[in-house]
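**Q** Given chain A, work out where chain B should sit, using these hints.
Residue numbers (our numbering), protein chains in the order written: chain A, 125 to 351; chain B, 80 to 277.
None of these hints come from the bench; they were simulated from the model.
Quantities reported herein were computed from a predicted structural model and do not represent experimental measurements.
All C-beta atoms in this analysis are idealised placements derived from N, C-alpha and C, irrespective of residue type, glycine included.
Keep in mind that a hint or two might mislead.
[Stated by the list, open to error] Going by beta-carbon spacing under 10 Å, a handful of chain A positions derived as facing chain B:
#, residue
1, E137
2, E144
3, F160
4, Y165
5, R171
6, A175
7, F177
8, E192
9, D195
10, G237
11, V238
12, P292
13, M294
14, A298
15, Y321
[As the list claims (entries may be wrong)] A short list of chain B residues far from chain A (calculated; beta carbon distances all over 12 Å):
#, residue
16, K111
17, R118
18, P218
19, Q223
20, V241
21, M242
22, C244
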Amino acid sequence: MSEELVSALLDGECDDHEIERALAAFERDEAARAGFSRMQYVRDASRGVVAAFDPSFADRVMLAIGDEIPDGGHGLSGGVSGNVVPLRRRRPVWVQASGFAVAASVVAAVVVGVMVNGPELGEVQLASQNDDSYVSPVAMSAPATVAPATVANGATVQAVATVPQTSPAMTRQAAQLRWAQIEDDQARQLNNYLIDYSNYRSVQGVGGTLGYARFAAHTADYRSQED
Amino acid sequence: MSDDQIDQQLVAKVQAGDKRAFDVLVRKYQNKVIQLVTRLVGDADSMDVAQESFIKAYRAINGFRGQSAFYTWLYRIAINTSKNHLVSRNRRPALQDIDVQDAELYGHTEHLSDVDTPEAQLLTEEIKSQVAESIAKLPADLRQAVTLRELEGLSYEEIAEVMDCPIGTVRSRIFRARAAIDAAIAPLLDHAPERSQP
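Okay, chain A solo, but in the shape it has when bound (with noise of 0.2 Å):
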């Protein structure tokens, strides 16, 4: 009888309660696993499906598990998962390579633009340290706030607040001081490039690329279009 509901469960036709008892059937019931496993290979024989016969697989999948007990519900663990990974393939020694030759070129191309415009920030960070005109923003700052504290000896003594605290009209000025540095042809060129520069900027599809264009042609001997 037992053999006839695993017979009927290996077809998908039990109820819920021939389900329970098919189960229970399985767990007593050494013969009735044993016919499960055959009737279901001569099933996917008949069908095409070519495996080995191996009666002890199942016996020895639910000896593996144990008494362990599934992962939680919220998600797969332990890398397992329900949809199927690309196969990691392992890259050409060719590909690795030229990767390793971009990277060194990038690495070489950023070392001799620092070689080659080092000396002029240098210089130009110098020549502002020694300027008496030039005038920092921080140095500009308002006195900074003191405050009188008293300890519990009654001495006192002064807190000194060194946040700098710098308005809007020192700014401003800072920035007129700045201006006033730069020579007027230099300020010149820089007029008439941002001038060309806009005009340029405003035509349809071409504002992406020349914001780089801005910082190279800085110093460069621009000339307008309508000199």
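**A** Just chain B, lined up with the frame of chain A:
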């Protein structure tokens, strides 16, 4: 109840902690998974990888929500496990990279049987022949019932209508037919070449 519905019921029982239901699922799909894995990783490691696939499926079964058929979900795990195995062995698949749909199709594609082991092919052919011979020897009512079920794929209810008999009778006839076929097949399976296990 359809095959998929039965699977859903069994999965629900496993998720509720009933390991007997997982035993049924393993026995139901082990041949297909072994076939698939053998085609991906080769014969030598196929049993280990197939076993690992089922263990992974068990551990992750609470994440199965039934959006796809259980066997599709299981196939995906088997394919991923096979791929991971190949990568860990620094090997490439013997065949082209395949997807689940391919895997389901492979079982019914003749020319891909070339990758199956000669022993498995021989056993399968012998079983097919023996099953046909056994069915031919069955009494007419048993032969008709099992043929309608196995070859035509009819449900018990449909078979009962065709044969004009109660569903319980259909169930009994199919079981008796299977028992007769099993008696003829068992010697073949008992003498099937043993797989070396670690």
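**Q** A separate judgement is required for each hint: does it hold in the structure or not?
**A** Here is what the structure says about each hint:
1. Hint status for A/E137: holds, given a least beta-carbon distance of 5 Å to chain B, under 10 Å.
2. Proximity of A/E144 to chain B holds as hinted, the smallest CB-CB distance being about 9 Å (cut-off 10 Å).
3. Interface restraint check for A/F160: the shortest CB-CB distance to chain B comes to about 5 Å, inside 10 Å, so the restraint holds.
4. Among the interface hints, the one on A/Y165 holds; its C-beta lies about 6 Å from the nearest C-beta in chain B, closer than the 10 Å criterion.
5. Annotation: interface hint on A/R171 holds; nearest CB of chain B at approximately 7 Å, less than 10 Å.
6. With a least beta-carbon distance of about 4 Å to chain B, the hint placing A/A175 at the interface is held under the 10 Å criterion.
7. At its closest, the beta carbon of A/F177 sits 5 Å from a beta carbon of chain B; the interface hint therefore holds under the 10 Å criterion.
8. About 7 Å separates the beta-carbon of A/E192 from the nearest beta-carbon of chain B, less than 10 Å, and the hint is met.
9. Taking 10 Å as the C-beta contact cut-off toward chain B, the hint placing A/D195 at the interface holds, the least distance being around 5 Å.
10. Because the closest C-beta pair between A/G237 and chain B is about 41 Å apart, greater than 10 Å, the hint is violated.
11. Hint status for A/V238: violated, given a least beta-carbon distance of 42 Å to chain B, over 10 Å.
12. Interface hint status for A/P292: violated, as the beta-carbon distance to the closest one in chain B is roughly 60 Å, over 10 Å.
13. For A/M294, the suggested interface contact is broken, since its CB lies about 63 Å from the closest CB of chain B, more than 10 Å.
14. Here the hint on A/A298 is broken, as its CB sits about 62 Å from the closest CB of chain B, past 10 Å.
15. Taking 10 Å as the C-beta cut-off, the interface hint given for A/Y321 is violated, the closest approach to chain B being about 52 Å.
16. A beta-carbon of chain A comes within 12 Å of the beta-carbon of B/K111; the shortest separation is about 6 Å.
17. Annotated as non-interface, B/R118 brings its C-beta within 12 Å of a C-beta of chain A; the closest such distance is 9 Å.
18. For B/P218, the shortest C-beta to C-beta distance to chain A comes to about 17 Å, beyond the 12 Å cut-off, and the non-interface label holds.
19. At the 12 Å boundary, the C-beta of B/Q223 stays outside the reach of chain A, the nearest C-beta of that chain being 16 Å off.
20. The Cβ of B/V241 lies farther than 12 Å from every Cβ of chain A, with a closest approach of about 15 Å, so its non-interface assignment holds.
21. The Cβ of B/M242 lies farther than 12 Å from every Cβ of chain A, with a closest approach of about 15 Å, so its non-interface assignment holds.
22. Against chain A, the non-interface label of B/C244 holds: every CB pair exceeds 12 Å, the least being about 15 Å.
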